[in-house]
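Undergrad: Here's the letter readout for the chains.
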Amino acid sequence: MIDDTGTTAGDRGRHRSLGAVLARGMRPRHTGGRLPSARSDGTQGLVLVVLVAAFLAWGLLGSLSTNQLAIDIAMFVALAYGFNIISGFTGYISFGQVVFFGFGAFATALLVIHLDVPWFLAAVLGGLGAAVVAVPIGAVMLRLQGIYFALGMFGLAYVVSLLLSQWEFTGGSTGLVVPGVIAQKPVLLSVTGVAVLAFAVNAFMARSPFGLRAMAVRDDEQVAEAVGVATTRVKVMAFVLSALMPALVGGMVAYNRGFIDTSTVFNPAIDLQVIVLVLAGGIGTLWGPLIGAVLLTLISDQLATALPDYQLALFGVLIVLVTIFLPGGVVSLVNRWGGLRREIVRGTADLPTEAELERRLAAAHTPRANDRADDPDLLVCTDVGVDFGGVRALRSVDFTVRRGQTVFIIGANGAGKTTLFNAIAGAVPPSKGTIVFDGRPVHGVPAHQLARRGLARTFQIPRPFASMTVWENVYVAALGGRHRRQAQEQAAWVVQVLGLEEIRFAASDTLAVGHRRMVELARALALGPSLILLDEVMAGMSEDELEVVRDAIRRMPSFGVDAVAGIEHVIKAIVDLADEIVVMDRGSTIISGEPTEILRHPEVIRAYLGTGVGLGAGTAVAGDVTP
Amino acid sequence: MSRSMRVAIGIAVTATVVSACGGGSDTATSGSSSSDEPITIGASVSLTGAYASSGTNVSNGYKLAVDQINANGGVLGRQLELDLKDDQSDAGIVSRLYSEFLGTAGDDAVLSPYGSALAGPAAQLAERYQTPMLHSQTSSLAVYKGTKYSVMAGLGPGRDVLAGVPQFAADAGYKRITLVNNDLDAYKAICDGVAASIADAGATLVDRIEYAAATSDFSSTALKVAEGKPEVVVECSAIQDSIGITRALDQQGFRPAVIASPTSVDPAFLSSLGDLANRAIGYTQFSPDLGYPGTEEFITGYDDAYGTAVNTQAAGAYATVQVLAAAIEKAGSTDKAAVNKALHDGSYDTILGTYKVDSDGVQTGYEPVLFQYLDGAQAIVFPADTKGALAAQLPY
Numbered sequence: 002m003i004d005d006t007g008t009t010a011g012d013r014g015r016h017r018s019l020g021a022v023l024a025r026g027m028r029p030r031h032t033g034g035r036l037p038s039a040r041s042d043g044t045q046g047l048v049l050v051v052l053v054a055a056f057l058a059w060g061l062l063g064s065l066s067t068n069q070l071a072i073d074i075a076m077f078v079a080l081a082y083g084f085n086i087i088s089g090f091t092g093y094i095s096f097g098q099v100v101f102f103g104f105g106a107f108a109t110a111l112l113v114i115h116l117d118v119p120w121f122l123a124a125v126l127g128g129l130g131a132a133v134v135a136v137p138i139g140a141v142m143l144r145l146q147g148i149y150f151a152l153g154m155f156g157l158a159y160v161v162s163l164l165l166s167q168w169e170f171t172g173g174s175t176g177l178v179v180p181g182v183i184a185q186k187p188v189l190l191s192v193t194g195v196a197v198l199a200f201a202v203n204a205f206m207a208r209s210p211f212g213l214r215a216m217a218v219r220d221d222e223q224v225a226e227a228v229g230v231a232t233t234r235v236k237v238m239a240f241v242l243s244a245l246m247p248a249l250v251g252g253m254v255a256y257n258r259g260f261i262d263t264s265t266v267f268n269p270a271i272d273l274q275v276i277v278l279v280l281a282g283g284i285g286t287l288w289g290p291l292i293g294a295v296l297l298t299l300i301s302d303q304l305a306t307a308l309p310d311y312q313l314a315l316f317g318v319l320i321v322l323v324t325i326f327l328p329g330g331v332v333s334l335v336n337r338w339g340g341l342r343r344e345i346v347r348g349t350a351d352l353p354t355e356a357e358l359e360r361r362l363a364a365a366h367t368p369r370a371n372d373r374a375d376d377p378d379l380l381v382c383t384d385v386g387v388d389f390g391g392v393r394a395l396r397s398v399d400f401t402v403r404r405g406q407t408v409f410i411i412g413a414n415g416a417g418k419t420t421l422f423n424a425i426a427g428a429v430p431p432s433k434g435t436i437v438f439d440g441r442p443v444h445g446v447p448a449h450q451l452a453r454r455g456l457a458r459t460f461q462i463p464r465p466f467a468s469m470t471v472w473e474n475v476y477v478a479a480l481g482g483r484h485r486r487q488a489q490e491q492a493a494w495v496v497q498v499l500g501l502e503e504i505r506f507a508a509s510d511t512l513a514v515g516h517r518r519m520v521e522l523a524r525a526l527a528l529g530p531s532l533i534l535l536d537e538v539m540a541g542m543s544e545d546e547l548e549v550v551r552d553a554i555r556r557m558p559s560f561g562v563d564a565v566a567g568i569e570h571v572i573k574a575i576v577d578l579a580d581e582i583v584v585m586d587r588g589s590t591i592i593s594g595e596p597t598e599i600l601r602h603p604e605v606i607r608a609y610l611g612t613g614v615g616l617g618a619g620t621a622v623a624g625d626v627t628p
Numbered sequence: 005m006s007r008s009m010r011v012a013i014g015i016a017v018t019a020t021v022v023s024a025c026g027g028g029s030d031t032a033t034s035g036s037s038s039s040d041e042p043i044t045i046g047a048s049v050s051l052t053g054a055y056a057s058s059g060t061n062v063s064n065g066y067k068l069a070v071d072q073i074n075a076n077g078g079v080l081g082r083q084l085e086l087d088l089k090d091d092q093s094d095a096g097i098v099s100r101l102y103s104e105f106l107g108t109a110g111d112d113a114v115l116s117p118y119g120s121a122l123a124g125p126a127a128q129l130a131e132r133y134q135t136p137m138l139h140s141q142t143s144s145l146a147v148y149k150g151t152k153y154s155v156m157a158g159l160g161p162g163r164d165v166l167a168g169v170p171q172f173a174a175d176a177g178y179k180r181i182t183l184v185n186n187d188l189d190a191y192k193a194i195c196d197g198v199a200a201s202i203a204d205a206g207a208t209l210v211d212r213i214e215y216a217a218a219t220s221d222f223s224s225t226a227l228k229v230a231e232g233k234p235e236v237v238v239e240c241s242a243i244q245d246s247i248g249i250t251r252a253l254d255q256q257g258f259r260p261a262v263i264a265s266p267t268s269v270d271p272a273f274l275s276s277l278g279d280l281a282n283r284a285i286g287y288t289q290f291s292p293d294l295g296y297p298g299t300e301e302f303i304t305g306y307d308d309a310y311g312t313a314v315n316t317q318a319a320g321a322y323a324t325v326q327v328l329a330a331a332i333e334k335a336g337s338t339d340k341a342a343v344n345k346a347l348h349d350g351s352y353d354t355i356l357g358t359y360k361v362d363s364d365g366v367q368t369g370y371e372p373v374l375f376q377y378l379d380g381a382q383a384i385v386f387p388a389d390t391k392g393a394l395a396a397q398l399p400y
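If you read the protein sequences in the order shown, they are chains A and B. Read in order, the letters of the first sequence are residues 2 to 628 in my numbering. Read in order, the letters of the second sequence are residues 5 to 400 in my numbering.
Everything labelled a hint here was simulated from the structure, so no lab data went into it. You may find that some hints are simply not true.
[Unchecked claim] Listed next, the in silico SDA-like pairs over lysine to any residue satisfying Cα-Cα at most 25 Å (straight line):
#, chain 1, residue 1, chain 2, residue 2
1, B, Lys233, B, Gly257
2, B, Lys149, A, Tyr311
3, B, Lys391, B, Gly369
4, B, Lys149, A, Val182
5, B, Lys67, A, Asp117
6, B, Lys152, A, Ala184
7, B, Lys233, B, Arg259
8, B, Lys228, B, Gly177
9, B, Lys152, A, Tyr311
[As the list claims (entries may be wrong)] Quick look at which bits of chain A chain B covers, simulated, 3 or more residues with Cβ under 8 Å:
#, region
10, 171-180
11, 253-267
12, 469-476
Please read all numbers here as calculations on a predicted model, not as lab measurements. The beta carbon of each residue, even a glycine, is placed where N, CA and C say it ideally should be.
Kindly produce the complete structure, drawing on both the sequences and the hints.
TA: Set out below in structure tokens:
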């Protein structure tokens, strides 16, 4: 049985058996409407069909003003879903999607006026044109993040509007007449078609591997890159899809209105209205934009009829109330009872046996296997330095990991251990020195490409993708460079070998720390790496959890991992795992060697503890060292 | 058959059935023509939103005209019925409202919303429904271009409004003119009209300076103006821009002999500039002093109904309804083609003067006059032979 958070009864039993430490992190949290469910969403599809049929019946059979109201509703639904692709699923809030609405409107108007293209075809061409234009725009604008992207898009819309208002060809500031005939019903059918298309694209985002990658970008772009997601490509593709919808409806609306000018079709108020609709319905959800757009447009229309003097004030109060009491939108209300959740991506109920999965994976082609160099040195860092402005985080690090080795780095906080890992994984550029992984330098190579080349990492503070299940966290990593079916088998295998079967459908942001670290490890393993960089993967774990992780590290060679490099403070947990320990201090490696030798070295003791007390390799004393 | 295939077929069938049910052709419904039914007029005004400042004035003008005409027996013995709605200054809502007026209600005629951004879509709907549309507040020629059913009834085209300034200034001995215009087409057109009349007045153009519509600091514009040392400065600008430019010129210590603005008629010009507004030139198409037929009735009725003084927007709206009523009388019915013909071919007396339009429906009959602020009041100063005109006090 699966409850609203996708947690099974079995999960709950497991949590109890793992003891109090794991259970303390299992407090359910309010996470809006983004949590998936293991339920099939077939019923939701049926609901959509009924809704569209009812909507069209109402819009087409009603009066012409009803017809026009239906066009407006369908328009806002399409705009809301377009916005939801880039801002809801991909996490890039845009204040300027209206630029594509205006682009579609003007492209359609000009095609109708100058080339006598039929309006419907003109609108489609305008939409496709906007999608093409969105590629370079997205490639530039999506380098910005957060409020800078939002304002950048706002500025772009403003500038484009200003330029077109000065261009005689586009009617200057007075506008263009779009010749045509009365065609409200065909326009309604067309705009509704775009709205349905927009819903379908959002459904694709909610349940496809592509959508999963976009959600990974939304949840944590750096981690997404580290697990092999080509974030720039995903963002630009999402941006293109989000540009298509407003451009299509912009063209249709231009024909319907018969007259356009820059102040109307590039009106920033359209963007603000769409944002409000999506937030009220539930941003980043499949049903939120539809619910928000339909409900609020109807309410606004009814208020204008019934209480014209108070309409704007009442509408504003309504928005404020929804924002305060339903921050996840109307959908989050329904989610509380388990309704309107997205289906878990490729989350099959039954997993094949571990042996069967290993057989299938062994049979599958692994491209990297043939490319592996024969060099015994898997990772070679030579004289690596990293500067952050005036701060020198790494001075000169020489660090080598050989195939078949498990190497741990120790050192006090601020020694530069995580910075070294970031440099190796491509997250920060070294200011000097060279890093060679698997025979090829890593300099200038994007992190996702390094991940796909077999360089996996975990993060010091577990960073699971919060809106995904454990399964999806693992699956999105497994997707890197693999066919979907193979990725599914890889993810299933990882889930099994790390013992995550029981919690695979649990929401990752409800997990205890121990489980989160296991998810980190599982994601790294799902990449099928040659080298895994473990950044304090055992910190904060109970004895039981430590043993699970230690066992996993020991089994790495059997998982196909050539070498393991870790950062660790829990000394007792690594002395019998490590083939070599490297000690760092103030941005440099100061010594390296076998664990027993290193942990008794006077310089290590000085640097690590600052006292004359020996570290006592393998003793209980050292195990509690957490500088 | 897969689930997705079944769903796809379901959508297709449903859409087909629904389209078939609603698939009748979208044709214009004919207006009511019964002899005792009211004559229906649809109109939207902007009571809220960006153009809200115009809404009440226009609404008042429409309603007063309809009430007075109905009180006098209506038109062709039938009452006028005005269906007035708030369009919230939103083009989408305008489309919805005019679909209702033109398609659902089949109104006999429609009055346009405010400004080209709203009037443009409404005018195109009127074209598609082949219903006469009278514009009370739309001066942009682009809205009328190529239309058959739109006429400019409540004001004149922008190109004419300050076209008399060069002659007015030349008569006073000032012939060196600088034009300053907002880069929006509507304001460019006003300065184009002035520029076209400079040569005829024997004057010379010193400079023409254009600034971006978003400009709010006019100090550099004022410097450019002052460099040419013109005797006449014409500000083809929005009201806030005119206030800004006038103030900036003063701050630069530059005073032309004549300063004119198309928006100085706005009360904000006087209240904001105070003494700086004195002796500034503006234009108007309505003034009690002009004494066109119906003016007294309009002023008295407006005061009785709303308790406030009349203004040009209300006068334009009032005149628009006057024109419609006269055209229906002339057509002898509410047949839309006949009324439209009467609107295009006829000329009618209004409180703005004699209505007459060209083949595009653009106003040619109204003759704007120039006024000057003298001791806080607007006094007509040009043409000098205008009824009630006073002698101008120059320099500015």
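Undergrad: Give a verdict on every hint.
TA: Consistency of the hints with the structure:
no., hint, in the structure
1, B:Lys233 with B:Gly257, "holds (11 Å)"
2, B:Lys149 with A:Tyr311, "violated (38 Å)"
3, B:Lys391 with B:Gly369, "holds (17 Å)"
4, B:Lys149 with A:Val182, "holds (17 Å)"
5, B:Lys67 with A:Asp117, "violated (42 Å)"
6, B:Lys152 with A:Ala184, "holds (19 Å)"
7, B:Lys233 with B:Arg259, "holds (9 Å)"
8, B:Lys228 with B:Gly177, "holds (23 Å)"
9, B:Lys152 with A:Tyr311, "violated (38 Å)"
10, 171-180, "holds (count 9)"
11, 253-267, "holds (count 9)"
12, 469-476, "violated (count 0)"
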